[in-house]
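Engineer: What follows is the residue order along each chain.
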Amino acid sequence: MNKLMTATDAVGQLRDGMTIGFGGWGPRRKPMAIVREILRSEVKDLTVVAYGGPEVGMLCAAGKVKKLIFGFATMDAIPLEPYFRKAREAGTLDVMELDEGLFQWGLKAAAMRLPFLPARAGLATDVLTHNPDLQLITSPYADGEVLLAMPALNLDVAFIHVNRADRLGNTLVTGHDVYFDHHVARAAKQCFVSAEVVEERLELDAATARFNTFERSLVTGVIEAPLGAHPTSCGPEYGWDMQHLKDYSNSASEENGWERYLQTYVDCSQDEYRTRNGGAERMAALPLPTF
Amino acid sequence: MSNANFSLAELMIVAASEAWRNNGELLASGLGIIPRLGASLAKLTHSPELLMTDSEAYLVEEPIPVGPRGDYVPKYSGYMPFERVFDCVWHGRRHAMVGPTQIDRWAQSNLSVIGDYHKPKVAMLGVRGLPGNSINHANSFFVPNHSKRVFVSGEVDMVSGVGFNPERWKPGMRNDLMFIGVAVTDLCVMDFNGPDHAARVVSLHPGVDFELVQERTGFPLLKADHLSETAHPTAEQLAVIAKLDPHNLRDKQLKGNPAGIRTAEELRA
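Protein chains in written order, with our numbering: chain A, 10 to 300; chain B, 10 to 278.
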């Protein structure tokens, strides 16, 4: 069994109109090498599902997003995601804006093959107003409580970046927080994982094996992508690249700024990408953020 | 013992810390430098029973100083990644202090967009966790720029956090799990404990009068029964704050880093 493939192979599985989900959180451990491959591809009309960071803004800027399902889009240290903001303010983006917990519930419902999970989050807010598809249900038990029925967020494809993987699809997430990647993986028909390091076969002690957060049977393909989360962080290995994120953010207010960003950081080889970001050594040494 | 030489930020940190007094063993989450210092001060002084995190993924019994840590090494007491924070939110044992962009007379809050939802004037972060937080556990507000732009006259543009507007609650929805604590602003401390949850001014910061607060608020305010001046930080509290904020990040949180005691002219400038 060998699930190793290239980012091009994985992105080649995408079709126009698909619903795709991303692991990570804001500017943290996003599968950015894969995102750049999507930016280079022809695919369009995507429904993007994410605890959003720069991947959301970039896909919006490239006109690939038909609908965004999100709880937020932010780069933390730069609170407002520039291209998400542009797309929203242009009024061109179809959105399903959810509470962060509802979003988790949607993934979990999909992961459990349930049509919905009940929740209170979202009641008495405009999350209901602006998502007319969200339905209320009444508890069938004596309490009779009225709840929100959060529908399953079924994904066609999920993309996740991890610290270590092997050719079988075993994965380790060794940063302080594993986020919600396990739900993202389980909510998807196909899940492609990029990894800082891909080994022939993980052979771990028990303490290390606990960093495995979802089983390999959920993994369709493994992509070797050292520094593959850049410019987002990949703890404990490297932090986010503020210099890059600022350049990206500033490009949104320049004339043809997105084209410049694309030419500089996307329409180039992996080697060129690294050189243009100060080299692999600098990227690998980016300090972890302090919260 | 009071110390007349304190900043407005320090006064607000002390006022914020009061939000968590007598809360019991729950997760105190102060989002932003001043609320976080407030929660940390609460834990180090009057409410050691509070739970706190390192603002990333671990529980700590000793609140972590804000900013670069130098050779300070956090001492972890447990694990609290985002997924467990969500569990804690839904379970209700948390009190967060958040800084929404808009707040209305019903204590509803907005973090999503300004203007028309479908083509907003300003798109901000998105609702984040506000809908779930606000319906499940206690929330207080931090408002660094008390104005009618924040405390709006009508409803907030996008209700992200729930409040007391009866029209928003349909029969059968449980609104007894929510709790609004206080709003700590740069002018005063408010709560929503008037008749029918009307907003009240509980204390005024030094030099501020009620009329000024009302002028800068988009909806009518009541005076709390024992309307007083916001407590000045004590020397002991200032020492704890200085230790929690070794890089003086608190000086950069409010425009111009105003003094804690302001004259009427300064306030109306």
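Careful: at least some of the hints might be erroneous.
As the list claims (entries may be wrong) - No farther apart than 20 Å at their CA atoms in a straight line, the calculated lysine-lysine pairs in the PhoX-like style are these:
| id | chain 1 | residue 1 | chain 2 | residue 2 |
| --- | --- | --- | --- | --- |
| 1 | B | Lys128 | A | Lys76 |
| 2 | A | Lys198 | A | Lys12 |
| 3 | B | Lys157 | A | Lys75 |
| 4 | B | Lys157 | B | Lys130 |
| 5 | B | Lys128 | A | Lys95 |
| 6 | A | Lys53 | A | Lys75 |
| 7 | A | Lys95 | A | Lys117 |
| 8 | A | Lys53 | A | Lys95 |
| 9 | A | Lys95 | B | Lys130 |
| 10 | B | Lys157 | B | Lys232 |
| 11 | A | Lys76 | A | Lys53 |
| 12 | A | Lys53 | A | Lys198 |
Treat the hints as calculated values from the structure; they're not laboratory data.
Engineer: For every hint, state whether the structure bears it out.
Structural biologist: Structure-based check of each hint:
1. B:Lys128 with A:Lys76: holds (15 Å)
2. A:Lys198 with A:Lys12: holds (16 Å)
3. B:Lys157 with A:Lys75: violated (36 Å)
4. B:Lys157 with B:Lys130: holds (17 Å)
5. B:Lys128 with A:Lys95: holds (10 Å)
6. A:Lys53 with A:Lys75: holds (8 Å)
7. A:Lys95 with A:Lys117: violated (30 Å)
8. A:Lys53 with A:Lys95: Satisfied, since the Cα-Cα distance of roughly 18 Å is no more than 20 Å.
9. A:Lys95 with B:Lys130: Holds - the C-alpha atoms of B:Lys130 and A:Lys95 are around 10 Å apart, at most 20 Å.
10. B:Lys157 with B:Lys232: holds (18 Å)
11. A:Lys76 with A:Lys53: With Cα atoms ~11 Å apart, A:Lys76 and A:Lys53 stay inside 20 Å; holds.
12. A:Lys53 with A:Lys198: holds (19 Å)
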